[in-house]
Structures are given as structure tokens and as C-alpha cells.
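Chemist: Chains as they are written, first to last, in numbering that gives the first Met the number 0: chain A, 0 to 164; chain B, 0 to 101.
Everything labelled a hint here was simulated from the structure, so no lab data went into it.
Incorrect hints may appear among the rest.
As the list claims (entries may be wrong) - On the chain A side, residues computed to face chain B include the following (Cβ under 7 Å):
| # | residue |
| --- | --- |
| 1 | Ile65 |
| 2 | Ala94 |
| 3 | Asn111 |
| 4 | Gln113 |
Unchecked claim - Chain B side only, calculated, beta carbon under 8 Å to chain A, not exhaustive:
| # | residue |
| --- | --- |
| 5 | Ile1 |
| 6 | Cys15 |
| 7 | Val41 |
| 8 | Asn44 |
| 9 | Ala47 |
| 10 | Gln60 |
| 11 | Ala61 |
| 12 | Phe65 |
| 13 | Ala75 |
| 14 | Leu98 |
| 15 | Leu99 |
| 16 | Gly101 |
Where is the CB? At the ideal position from N, CA and C, for every residue including glycine.
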Amino acid sequence: MTLQQVLFIIFGAVTLGAALMVVTRRNVFHAALFLILSFFGVAGLYVLLEAPFLAAVQLFIYVGGIAILILFAIMLTRDMMNPNVAGANRQWWLAALVALALCTVLGWTVLNHQWAAPAGDVPPESIVNLGKALVDPAGLVLPFEVTSILLLVALIGAVTIARER
Amino acid sequence: MIPLEWYLILAAVLFCAGLYGVLSRRNAVAILMGVELMLNSVNVNLVAFWRYTEPAAVTGQAFALFVYAVAAAEAAVGLALIIAIWRTRDTVVLEEVDLLKG
């Protein structure tokens, strides 16, 4: 077993273990902290996949942005941390059944397919190419601009919805 | 090198964990956390396929970046909605938000 595979198993175990804690912890605040740990594990996987830019984006947007936003929302709505409230609804066993069934189907599909061999190395100027493609008129500039408009609309919408009247 | 299957299996399990969270949690913020887990697993899949099939192309990473932007927008609007519901209904348990129920 190579060092990469050992690292994958460590990061994967952190990601999955934390994710399972996120969906089973009764205390939402603890669940949010485990969510941050899970995001860190995924960032490690990106490093193994030789996508360092995405690993950094994962840390900035998910750990630095979304997770902090969730923690703020939990603190703004106090009674969410009440440990006497049940965490799961009455259909939790049905939900577990659906999730397990989907997991079985996906796993069976993955293991029964002959995947192509890895197609060579990542070019060293991969991040430069990505940056150029995002502002290239013949490339991805249109989806890039649409994304910025989406973010602006979401920002204004979120402020309007959450504002105190 | 790590086999592609390892990443796909991991992403599948992560997605199912998020799905279980979305279907079983009562708290709206916990449901949102399940959605974030699912989005993360999809991104792992996108980046893994990019790395193993088209490492010279930029589209795999770019697609993952757009998923990030949509996830950030979704989290911001979702949490704003939750705060608004908490202000007017004094609860974040979605079973108790039943104004539209006949």
C-alpha cells in the first residue's frame, strides 16, 4: 500500500465518520462542528486528487463561509440547541432504508463497471489554464458571469428575507 | 495510485449519509447540513472523474467551482429563510411549519 492510499484512507475515514456524526448527533451545534471536520477531510481528498486550488476554495468557502454561516444561524435561533427535542422525525427508519438502498445500488454499479485506467498526469500549469478559461470569451466567461449574478441575487435576497421588519 | 473506485464509493457513501440527514432530521438547519454533504460528495465525484479521465481539460474543476457558487447561494438564502421562519413562527422544526397544510 502506497503513502497516497494510506492518506486516502485517513482522509476518507475522517470525512465519512464526521458525516455520519453530522446526521446522527441530536445537538445541532455539535453536528455543525462535525460538518466542519468533514469539509476538512474533503479538502484533503482534493489535495490527493492534485487539485490544490479546489482544496483552498473548499477551505475558504465551506469551512470559512458556509460553516460559519450555519453556526451563526444556530446561535440566532436559540432553542435549536435544546437537547430535549428529538433530533430525528418518525420516519427516520424509512429514511435509513432509502439511504442504504441507494448506497447499495451505487456501490454495486461502481464495482461492476470497468473503469478506464488513469489518463496521465495533471499539467503543472493547470491552475493557470483554469483561470484563463474562466475569463476567456471562447471558454467559460458566460457561465462565470451568470454565476456572479446568481451570487448577487442570492445575497440581496438573503438580506431582504432575513431583515427585521 | 489510488483506484478511481475508492473515490466513487466514498462519494456514494457520503451522498447517502447526506440523504439520510435530509430525510430524517426535524431541524431545518440540520436538513441544510445534509444538503451540503450531498453537494460535497458530488464535487468529489466531479474532481475524481476530471483527474482520472481528462486531467488536461479545465472543465472538471470549473464545474466544481460553479457547484461551490451555487452551494454558497443556497446556504445563504436557506439560512435567511430559516431565520425568517423562526421570527414569525418561533420554531425551526419543519414539522411545525404547516401553514399551507389543508
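Chemist: Does each hint fit the structure? Answer for all of them.
Modeler: Against the structure, the hints:
no.	hint	result
1	Ile65	holds (5 Å)
2	Ala94	holds (3 Å)
3	Asn111	violated (10 Å)
4	Gln113	violated (10 Å)
5	Ile1	holds (5 Å)
6	Cys15	holds (4 Å)
7	Val41	violated (11 Å)
8	Asn44	violated (10 Å)
9	Ala47	holds (6 Å)
10	Gln60	holds (5 Å)
11	Ala61	holds (5 Å)
12	Phe65	holds (6 Å)
13	Ala75	holds (4 Å)
14	Leu98	violated (16 Å)
15	Leu99	violated (17 Å)
16	Gly101	violated (20 Å)
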